Structures are given as structure tokens and as C-alpha cells.
Amino acid sequence: MMNVKKLPLFLLGSVMLSALMPVQAQRLRAKVLLNSQDVLDVVLIAPRKAGTTNIRYELVDKEGVLTLSLNDVEEIRFDLKEFKPDVVSQLYYMGKYEDVIKSLARRVNPYLGFVDKKSNSNELIQLFVRSLYKSEKYEPMTLFANEIEKYAATGEMREFADIYRGLAYLKLGDLEGFKPYEELFKEADYKHPFAAPIWYGKARQEIVKNNWKDANTYLAKIITEFPMETDWSAEALFLSATYHHSRTNLVVANQICQEIQIVAPLTDWPEKAIELEETIRTQAEEIGITLVEFGGLREREREEGDSKIDYRERQRKLKEEEAERLRQELDNAEENPL
Amino acid sequence: MAVSPTDRTCLSGMKKLFLILAVYVLLFSHVNGQGMTGPEQARLFRSLRDVPMMVTEQKYREALTILDEALPVVRGLISEDPSMKMAYGYGLYMKGLCELELEDYGAAETTFTQFISGFPAHVNAMKARLLLGEAYLYQEDWEGIIRALPGVIASRSATFPERMFAHQLLAEAYFQLEMWEKAKPHLGWLYQRASDREIKFAAAGQLAVCMIRLREFEELYKVMPHLHRTDAKYDIRLNLTILEEGDEFLRDEKPDLALLMFRMVVPYTQLQEKIESRKFVAEERLERLQSMTSGGMGTVTKQIRGLERRLEDIESDREELSGYPDYDMELRIRLGDVYYALERWEEAIQLYLSIYQRRPESELAERAMYAAYMTAFNADEKIRAWEIAQRYMESYPGGEFWDDVTLHAAGLLVNLERWFETEELVNKALEVSPDHVMKDNMLYLQGYAMFMQSKIDASIATMGSVINDFPASAFRIPATYWKALGHLFNQEYPDARTWFGNLVDQAQGGPLREDGFYRLGVACYGDGDFAEAKSTFDRFLEQYPDSHLASEAHAMIGDILASDSQLDEAIARYSRAVDTAHMGEDGKLNMVQVDYATFQQARTFELEGRWQEIIDLFDAYNERFAEQELNYTESTYWKGNALKKLGDKNKALQLYYDTIVSHGDEKKAYGIDFMMRDLAEELNYAEGNQELQVELKERLNSEIGKAIEADQQTLLLRLRGLQYETTDNEEIKKLVKELLIREETIDIASPFTLQQMGRLAAADGNTDLTSKVYEHFLEEYEDSDLILDALVGLSENRILEQKYGEAVDLLQAITDRYPTLPQAADAYIRLGDVYRLLDETQKALEMYTLILTVKEWRGELWPQALVKIGDTHSEREEFDKAFGFYQRVYLMYQGYSSYAAEAYYKSAQMLTKLGRESEAKKTIEEMLENDVLASQPVAADARIFMLKLP
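Listed in order, the protein sequences are those of chains A and B. Note that the working numbering has the first sequence beginning at 1, numbered continuously upward. Note that the working numbering has the second sequence beginning at 1, numbered continuously upward.
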């Protein structure tokens, strides 16, 4: 088993320790597909004890607790309406990781016991881990990933957990800590379920070694293969712009900055891109380089003339409005779960 | 978003309500019985009462027959009985409903229009508008919808389902009429409010299409990321719209906008899979429902109709998609083109290559790989371009782009100075494509690569092919240049003169003519035709007075004049050579030209002992070129040497010390190494000047101390080396030696120190260290005059290690670099020895024979070479020939007794092999009669040999 190195404590998120506390028994409504044919409408009783394959359950509308072997279960479809998965996912893609964490913390824990099965709750668990990672809460993220490992010694979710633990070390520039996970970050095919984070990890590895040119090849893979996966492609674009900027390739760097503002408007990256664009513009003026506009972004702004509102401010406002709307949706869902 | 009857399910509940109401009105209205006179009317009204039930039971046809008959009667009664109007209104509404259900949309349209105009305030007016909209929908009368529906949306009394259905109809109408701006609010409403996911996502897809058509990219990208996490991304129309728009942007040369489009497209395979899975699900449900239908199950029938319509939609999606067969690869090409236009090379390369990786059999794969190659080439990623070119050549031998790729790749390899691979590539390219469209260019590059590998004969032949086979080629003149240069390198001066002459005559100017003109002079010089050489250089200078080679032409004329003892004229020419040295674009003078002419002047002064002029020359040199990369240490060495010749040895040696201290920490200050050598000599043999010796040694000690203090490692090693060479104290010598021969000092040592280290390590038998020292020497100080030790020492080590190939290279480097020195002769002998070890005796014989062609090596080297030739023939079992060579030695070189004695003994051995034992015996006897030869070590063996003879 991989030897997980302890991450610095200062990165510990205060919210998150409580998320890992043991939870009381919970009843989870689900449809369970057995041996490719029978579908049981059940209430599963979580948590499942790590290291066992049995789970207690009740049949809907019938009395009595029964025991089910998860070995016979092919797929579980929990009733996750109360989580508002669409809204949570939208908040994640808007970079509102704290909201996602707040919404899922502790509530997803009962579902940890099913990570070794094909289950719709795995998507939520992944979203939770990804949010912890994106908000740089590496310690709790690692602890939560360790929990996944308890139930899924192998398989896709285990791989997912290991990839994110590896990514955390890379983000900290700790190649030593990353070593146990290095094997997972070998060349990945575009069909691999975690191709984007793996390529991102490869890029990060090269960046830590200050080998930006090679990093850019992996960033380009993300940009070309997963353009609409903005949680990876927006950052990849930003890093690529940084790379071109470092090579005084100002025209290209500037265009990528503008591209980010158009294609990932609801993420955090446009703000950073605008800052970099300003630096690039100043440099270009100093050395007399004519920049090429991308997507008519600034042209439209110029056309707006005096009435134009500061672009950055406009973006921020838009995003906040949207986030607020989603938060309300979530709050409503939590108040009235059914 | 095709609005289908299933979307009307929101209305089904309401319809039920209308029906109940209609039943009530028709049964219990006071119409019932009042004013009824005839049995016909009574029958009619009786049957009219059954209509609501018939509609409930979906017996539309029967209901309609009754209504068609009854309604004109009811209408006729309105003037008599106004209460009949209400019954008439309900009847009319029911009629429209039946017509709609019976898919008689034109009739339904007329009926509902009549109803709405006749009963605008009727309780069913809102519903009638929606049903009228539905009738328009099925007739695809989009304007009709736009006329009929806005009232529903504006109405405060409209319920949520009614409002939603109205938005759906209006969105569809505006969308169909491509009134994007008008469609947007309705689609936005549905996207925000609809609870049904199908409706919500369909609206999102259409909204995105509107934004695309309106080119509202920022708005679009607010929607798209969300869309991409849902099934809405599989909307065929959306994807095809994106593709079309992207293409249009590409045609308009707006790659940025095209990128914004293309990046959103869902791969064809995914769309296809989605359609098939949608079809599968719908068909399965339909089958299930059909098996359940057994009379009277109205809701099920409606669901069946809904599914049938959905299947029709799916089929139409399939058909539409089939119009764009497998666009994935095309899309990747286009995206690659877009990134290429935006100069984002990495993205472009990866996209192009992905086509081959995913679909190597695709027709586009070859084109894509060619595009990837060209992108890497233009991005100046040479290694990568070469790798892609190799893959192309492996995958598509003789392919559409074969000639293009191989030509570019050959140019690339030349650029990378990968000569052997260039040569091989051209061979392969022409083998696959004998009629290569750029064969002349390919051969030219191959000839050039051959030249660079010193395959001069092959290069001459290849360039000859270009000249002869392609007389009209643009490469004929360049090929002539390289052919001529090949002959010059081969020292085939007459040929070189001919071809350079051709070049000068035929070329219409250009750098090759300029260079060739100068080299024509060099060829004449090499040919010994100094007069013609001088005349050529003079004509060259006339035509190209500002040439970058003008300095060299002046210097060559200087050399010619000096060899003709016209020393003052020669010096004047050298001086002109210095003045005309080429100034580069970076403002730096060509100091190689300056140094050559300056040091040649010094050598000319030296011939006449004009020491003061040497001192003046280098003072002027140091001052004039102080800002350039002048050779200060060597010029100072010359000055010091001149001072010594003028008798001022003390000043000269102090100058050396000062220069050593100031420049001795520079590893490549080669003049310092000469000074060290002179100082060592002075310290050891100061011709009785004890005081000077002591003074020099004291300064040496003092400078060592200062170098330690200043941490000047290279200087310290040099001074330690000097200390080692000059100390009398064995203890100190031993300690210094230990300091010198350490592996870790290799990197900081100057050539002087490395030479010492190599010699000391070799003396200790430490071949490992010797090799390391000399390898470093060759790597770092190729232009040092002290390199010979390294070449010789390393070649010996390589022979010991049986790395004969490397040994040959090193020995050839000696013969190339020092062709007239005795060390070159030693190298030829060692080369011969190595070739014998390699069993290449013919080459060995050539090496040994070369020595006999140089008159200057006539002394000891000739008999040595002759013995070696004899040995080689002996090994080839050509005993007769071997005997001949041995005999030549003892007959002609008696003075070289060791070789003569060896030759006698070996002659006797050959005679024995030839069965001439008595002659062999006589030969040994003759040898032993000579006292000098009899005292040679080989004589003992000869005596034993003779005793064994019969």
C-alpha cells in the first residue's frame, strides 16, 4: 500500500476535520441492481463497516432488517435529489469550492461505504474531493482520500483518490512526497477516465522542475482534448499563457488570456487572465509589439465607449449573481429535502 | 426543440376539466327541451349530450359527426334564444378539439379561430389559443403561432403549464423563422424555469444556437460549460450549427472565432452513440406500450403517439448527422489549422498527430501527419519535426507528400548537422521515389552531407551528378562550388582550379562566386603556381575589395611574397590584411584574420631578427585591439621572446610572470602555457645565473601563496606545475605530484596542467586517469598547441583497450593536424599497426608506404616503415615480397643498426619459409660478422635460429 506522507498542518481546513468524524447510522433510499436483472427498491443502512462486504437494508414498504452482500450488487442508484447534484456541480465549475464543500461535508460520508461499487454517489464524492483539492485544503483532502481507500482498495475510485493525493504533493512542489504516486502519472490515453488530471499532474511535475516547455505539451493535451472541462482547461490555458509570456511570446500569451475570459467566464481564471493581460499589454507597448485581439473581446468593449462598465467588475458581478442564485437553490433544497 | 403532443400533457388535465364542464353545459343548459319542436331536433340534442363522453372515450369521429350536424342548428337558434350561444361556444370548442385529435389541423385552425373571435372572453379562450397554436405547429405555420400566442404569455390568468407551452410554441416558431433575437427570451424562460429536463436542455441547446447566430460569445460561454455537463450537448442541430459557423469563420480568416466554435463540438462518435441509445430506449418503451394497448387506454395511446413522434425526430437527427459523415477527423484538422493560424504550435501538432493515432487508416491521417511535420518545422522544433518525418516515412512510403517531406527532412538534418542520417535519408527517398520532384536538391544535400563527413570523393561524385544530370538546375552552381572545394580538400589542385574557374565564369555573382574566386587563388597556390595565385588574389581584391575574405587574400599574397623573400612587401600585405579584417554585424572584428596576419608579420620580422619591430608590432596590436577578443597572452609571449633576444631576459621573465599572474586563471589563455614552458626552462637552466634563478623561484613561491589566497584554482595548478618541473626537493615534488594528479582537478586545469597530469598519470601506469585527462583535453581545448600529447596518449590507451576504431580516429587527427611533423609519421606507423590488428593489411601497407613519400622523414623513420611493410607482407604470407623489403633495409640503412639487425634476422626467416635454408644461414652469418649488428639484442635470437637450420 502506498505510504502517504503527512502534509503540512497549516494547510488544514478548519471545516474539514468535522467532515471526517464518524457519522451515526443513516438510512439511504436506493435502487439496487442485482446480478444484472433484479432491481430492489431498498433503504440501505449506512455506514458500512470497512473491510466487510455486507450491508444492512430494509425493503421499502416492508418491515424487518435484512443483510445484503455487496458482492452481488452491480449498481446502486441512490436517491440524491436532496443534494441537488446539478447545482453543486455548477457551483464547482464556477470555482465556488467552499460552497460545494459546505454543501457536501459530512452529508456524503455515509456514501463512502459504496465507493467500491458502481454508484451515482461516487460522482458527489469525487466532486467533494476535487473541491477540497481546488481550494488547497490538502490535508483534509488526503484524509478523506484515505477513507476512500479503506473501502476501495482497488478500482476506479481508489485510482481517483491516489491521483488527487499525488496532485496535492505536486501543488506543494514536494516531489519526494509525490514519488509513491508517480507510477499513476505515466502516459495516459485520452480515453482514460482521469486523463485530464493525469496530464495536469504531468505538467505540474515539469513545472516543479522548471521545465516549462515539456509542461506545455501536457497543457496542450488538456486544452485540445478537454476544452469544455473548464476546471482543467481554464487553468491549463492560464499556465500556457504564462509559459508563452515567459518566452516573450506576447501575441500568443495575450490571445490566450482573452480566450480564457471568453470561454471560462464563470471560473476564477478570467480575473487572473485579466491581470496577466495587463502586464502583457504594458510590456508590448514598451517593446513596440502590436498585439492581436482574440474573439473581438476588447473591440466590443471599445464600442461600448463611455457607457462601458469595467469589464472585470462586470464579470465578477455576473458570477456572484449566478452563484447567489445557486446558493439559494441549495439552501432551499436543504430546508425542504423532499 | 420539437414541440410534440407529449408536451401537451400539461394540457390533458385541463382538457378533462373542459369536457366535464361541456357535459354539464350541454346536458343541463336550459337549451334542453326549450323551443324544441320537431323529433329531428330532439334526436340531435339527445345525441349532442353524448358528445362529451365520446370525446372522453376518444371517439372523435363520432363526436365530430354529431357536432357538424348540430352546431348549425344551435347557431340558428341563438337569435331566438340567446342562451343557446353558450351551448354553441362549447360545441365549437369541442369541434376544434376533435378536429385536432383527428389531425385535421386546417379544420381545427378554422374552428378555433372562429371560437376565439366569437367568444374572446370565453372561459376556454386561453386554451383555444394554445390549441390553435398547436394546430399551427403541425402545419408548420410559424407566423400563425406568433399571431396567436403572445396573448397567452401576456395574460395574467394563464397558468404555469399554459405559459410554458406558449413559450415552447413561440420559441419554436421564432427559431424556425431564424428570428434568433426574438426566440431568445422564450428559450431563456424555458431554460430557467422548466422543470422537465428534456425541455430544459432542449431549450438550452436552442438558446446556444441563437447566441451563436447572434455571435454573442460571452453569453454563449456562460451557457456552454453547463450544457456540456448535460445531455443537451448532444443536440444535433446545435453541433451542426457550431460546425457551420466555425467553417464560416475559417473561410473569413477569423481563426480566433473559429476556435471559439470548434472547441465546443461534441465528437461525431459520441453524437452517433447518443442517437442510437436514444433510439434504443424509445423503441423499447414503444414496444412495451404497444403490448399493453388493448382498447380504450387513451393515455397509453397518447404516449405511443408521443414516442412515435420522438422516433421520427431521432430519425431526422440521424439523417441530418449522416450529411456530415465522420466529421471528427475533419474537425481535428480544422482545429489544428486554427491553432496553427494562431501560432499555437503545440496544440496544432497534437491535434494533427491525434488523427493518425486514433484513425491511422483514415484518408486524412497522412495529410494530418504532414501538417504536424510542417508545424513542427515552422515552429523551429527541429528534433520533433525529424521524429514526425521519420514516422511519416515509415507509415507512408511513396505517399502523397513523400517528396515534400523527404526534401524538408533532408534540409532539416543538414540544419541539425546530422550528416550520416542526411545521406541515408536521401538514399531512401530516391529509392522509394526515383523520379523525386526535387531530385537535384536532394542529391545536392546528400553531396553536402558527404562533404561534411569528409567523404570527399563521394561528395565530388554526387555533386558531379547534380551538375551533369540537371544542367538547368538552380543547384548546378552550388554543386560546382562544393565539387571544386572537394578537389581542394583532396589536394587535387588542377581539378580544383578547373571547377573554381568554372564557377567564377558561370556564376552571376553571389556569395559562392566570391568565396570560389578566393579559393581559386588558394588552389593555384596549392598547385605551386604562385604567380597565378597572386594574380588571382589581386583580381579577387579588385572585384571584391570589401569581401569578408579580403583580409585572407592579402595575407595569402603576403605569404607568397614572403616565400619569395620579398619580406617588406610581405609585411605591407600582412598589414593590409589586418586593416581589411572583416567586421561582423555584431561590431566584432574577425580576430582570426587579424591574428593570422599579425603573427605572420612577427614571424617575418623574426626571420630577419627584427626584435624591436616585433615588440612595437605587439604593443600596437595590444593597444589597437584592446576592445576586441585579442590574443593578449600569445602576443605577450612574442614580446617576451623578443626582449630575451634583445638581451633583456630579466624584463622578459618578469613580463611573463606578470602576465601569468594577471591571465593565468583563464584556462584558455594558451600563451600562458608557452610562458610556463619557457619559465620552466629558465628556472632549470639559467646558465649559471644563480641570482636570477633564486629570484624567479622566490617569486614562484610568492605567487603560489597569492593564488591560494585569491582562490585562483587554474592559476594555482599552473604554478604548481611549474613548481613540480623546477624543484630540486624530492619531497616537495612528490607532494606537488599528488596535488596535480587528482581526478577532481581535471575540470579546472589548463592545457599546460592537463598535459602534465597526463604524462604523470601515464608514467604511473594509471591509464584510467590518463584517458579521463586526455578526453577532457580533446573536448575542451581542441585548438591548443599542446593537444598532441592528448591525441597520442589517448590513441595508445584506445589500442590497449582494443577500441581500434577510436584509435584510428585519434591517429588520423594527428596526421591531419600535423602532416609534416615526425609525430605524424609515428601516427602513420601506429595506424598501420592498428589496421594489422584489424586484419586490414592493405590499409596498413598504405599507411607505412605514406612515410616513404615524405623526404623529410628519410632518417630512422624510413627503415622502420620498411620493416613494418615486410612484417605486413609476412603476415599475408607473401614471404618473397617481405624478404625484398627486409633486404632493402639491411642493404640501404646499415647505419640504423637495430633495424638493420632486425631486417637480417627476418630475411633469414623469410628465406626459410621459401625453402632457401642455405641462403638463410648465409644471411645470419653475414649479420653476425658485423660487430655492431652482432651486438644488437635480436642477434641472440638469430644465433639460436641459425643453430636450428639444417
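The set of hints was computed from the structure by calculation and includes no laboratory data. Check before you lean on any hint, since a few could be wrong.
[Stated by the list, open to error] Calculated lysine-lysine pairs in the PhoX-like style (CA-CA distance at most 25 Å, straight line): (1) A:62 to A:84; (2) B:697 to B:734; (3) A:186 to A:213; (4) A:62 to A:102; (5) B:222 to A:84; (6) A:31 to A:171; (7) A:186 to A:209; (8) B:85 to B:200; (9) A:209 to B:382; (10) B:733 to A:319; (11) A:84 to B:803; (12) A:272 to B:948; (13) B:772 to A:81; (14) B:645 to B:706; (15) B:843 to B:881; (16) B:588 to B:644; (17) A:118 to A:171; (18) A:319 to A:102; (19) B:279 to B:200; (20) B:922 to B:948; (21) A:118 to A:179; (22) B:855 to B:803; (23) A:272 to A:134; (24) A:191 to B:843; (25) B:881 to A:118; (26) B:222 to A:317; (27) A:186 to A:171; (28) B:697 to B:649; (29) A:319 to B:706; (30) A:81 to A:102; (31) B:200 to A:213; (32) B:706 to B:668; (33) B:803 to B:843; (34) A:213 to A:179; (35) B:382 to A:134; (36) B:222 to B:254.
[What the hints assert, rightly or not] Computed from the model, here is a short list of chain A residues facing chain B with C-beta under 7 Å: (37) 45; (38) 87; (39) 153; (40) 227.
Source: prediction; values computed, not measured. Each residue gets a CB set at the ideal place from its N, CA and C atoms; glycine is no exception.
Each hint tested on the structure:
1. The straight-line distance between the Cα atoms of residue 62 of chain A and residue 84 of chain A is roughly 28 Å, outside the 25 Å bound, and the hint therefore fails.
2. For a cut-off of 25 Å, the pair hint linking residue 697 of chain B to residue 734 of chain B stands: about 18 Å separates their Cα positions.
3. Taken as a hint, the residue 186 of chain A and residue 213 of chain A pair is honoured in the structure, with Cα atoms around 18 Å apart against an allowance of 25 Å.
4. Restraint check for residue 62 of chain A and residue 102 of chain A: the C-alpha separation of about 35 Å exceeds 25 Å, so the hint is violated.
5. The straight-line distance between the Cα atoms of residue 222 of chain B and residue 84 of chain A is roughly 20 Å, inside the 25 Å bound, and the hint therefore holds.
6. For the hint linking residue 31 of chain A to residue 171 of chain A, the alpha-carbon distance of about 39 Å lies beyond 25 Å, and the restraint is violated.
7. Only pairs whose Cα atoms come within 25 Å are accepted, and residue 186 of chain A paired with residue 209 of chain A is accepted, the gap being roughly 17 Å.
8. Of the pairs offered as hints, the one joining residue 85 of chain B and residue 200 of chain B is violated, with about 42 Å between alpha carbons and a cut-off of 25 Å exceeded.
9. Taking the CA atoms of residue 209 of chain A and residue 382 of chain B, the gap is near 23 Å; set against the 25 Å cutoff, the hint holds.
10. A threshold of 25 Å between alpha carbons decides the hint, and for residue 733 of chain B with residue 319 of chain A the separation of about 81 Å lies outside it, so the pair is violated.
11. About 74 Å separates the Cα atoms of residue 84 of chain A and residue 803 of chain B, which puts this hinted pair outside 25 Å; it is violated.
12. A C-alpha spacing of about 99 Å is found between residue 272 of chain A and residue 948 of chain B, which places the hinted pair above 25 Å, so the restraint is violated.
13. This hinted pair does not check out: residue 772 of chain B and residue 81 of chain A have alpha carbons roughly 74 Å apart, beyond 25 Å.
14. Pair hint residue 645 of chain B plus residue 706 of chain B does not hold up; C-alpha atoms about 30 Å apart against a cutoff of 25 Å.
15. Restraint check for residue 843 of chain B and residue 881 of chain B: satisfied, since their Cα atoms lie roughly 17 Å apart, inside the 25 Å limit.
16. The straight-line distance between the Cα atoms of residue 588 of chain B and residue 644 of chain B is roughly 34 Å, outside the 25 Å bound, and the hint therefore fails.
17. For the hint pairing residue 118 of chain A with residue 171 of chain A, the CA-to-CA distance comes to about 30 Å; that exceeds 25 Å, so the pair is violated.
18. Taken as a hint, the residue 319 of chain A and residue 102 of chain A pair is honoured in the structure, with Cα atoms around 19 Å apart against an allowance of 25 Å.
19. Straight-line distance between C-alpha atoms of residue 279 of chain B and residue 200 of chain B comes to about 20 Å, which keeps the hinted pair within the 25 Å bound.
20. Among the hinted pairs, residue 922 of chain B with residue 948 of chain B is consistent with the structure: their alpha-carbon atoms are about 13 Å apart, no more than 25 Å.
21. Distance hint between residue 118 of chain A and residue 179 of chain A is unfulfilled; the C-alpha atoms sit about 29 Å from each other, more than 25 Å.
22. A hinted pair counts as satisfied when its Cα atoms are at most 25 Å apart, and residue 855 of chain B with residue 803 of chain B does not qualify at roughly 32 Å.
23. Restraint check: the Cα-Cα separation between residue 272 of chain A and residue 134 of chain A comes to about 15 Å, which is no more than 25 Å; the hinted pair holds.
24. Among the hinted pairs, residue 191 of chain A with residue 843 of chain B is inconsistent with the structure: their alpha-carbon atoms are about 60 Å apart, more than 25 Å.
25. Between residue 881 of chain B and residue 118 of chain A the alpha-carbon distance is near 90 Å, which puts this suggested pair outside the 25 Å criterion.
26. Between the alpha carbons of residue 222 of chain B and residue 317 of chain A the distance comes to roughly 13 Å, so the proposed pair stays at or under 25 Å and holds.
27. Distance restraint check for residue 186 of chain A and residue 171 of chain A: the Cα-Cα separation of roughly 18 Å lies within the 25 Å cut-off, and the hinted pair is therefore satisfied.
28. With a CA separation close to 15 Å, the supplied pair residue 697 of chain B and residue 649 of chain B stays within the 25 Å bound.
29. For the hint pairing residue 319 of chain A with residue 706 of chain B, the CA-to-CA distance comes to about 70 Å; that exceeds 25 Å, so the pair is violated.
30. Taking the CA atoms of residue 81 of chain A and residue 102 of chain A, the gap is near 17 Å; set against the 25 Å cutoff, the hint holds.
31. Distance hint between residue 200 of chain B and residue 213 of chain A is unfulfilled; the C-alpha atoms sit about 43 Å from each other, more than 25 Å.
32. A hinted pair counts as satisfied when its Cα atoms are at most 25 Å apart, and residue 706 of chain B with residue 668 of chain B qualifies at roughly 21 Å.
33. Only pairs whose Cα atoms come within 25 Å are accepted, and residue 803 of chain B paired with residue 843 of chain B is accepted, the gap being roughly 17 Å.
34. Distance check on the hinted pair: residue 213 of chain A and residue 179 of chain A sit about 22 Å apart at the alpha-carbon level, within 25 Å; holds.
35. The hinted pair formed by residue 382 of chain B and residue 134 of chain A fails the criterion: a straight-line CA distance of about 38 Å is larger than 25 Å.
36. For the suggested pair residue 222 of chain B and residue 254 of chain B, the alpha carbons sit about 22 Å apart, so the restraint of at most 25 Å is met.
37. Of the supplied interface hints, the one on residue 45 of chain A is violated, with its beta-carbon coming no nearer than about 30 Å to a beta-carbon of chain B, more than 7 Å.
38. Evaluation of the residue 87 of chain A hint against chain B yields a violated restraint, the C-beta minimum of about 11 Å exceeding 7 Å.
39. Restraint check, residue 153 of chain A versus chain B: the minimum CB separation of about 30 Å is more than 7 Å; hint violated.
40. Because the closest C-beta pair between residue 227 of chain A and chain B is about 4 Å apart, less than 7 Å, the hint holds.
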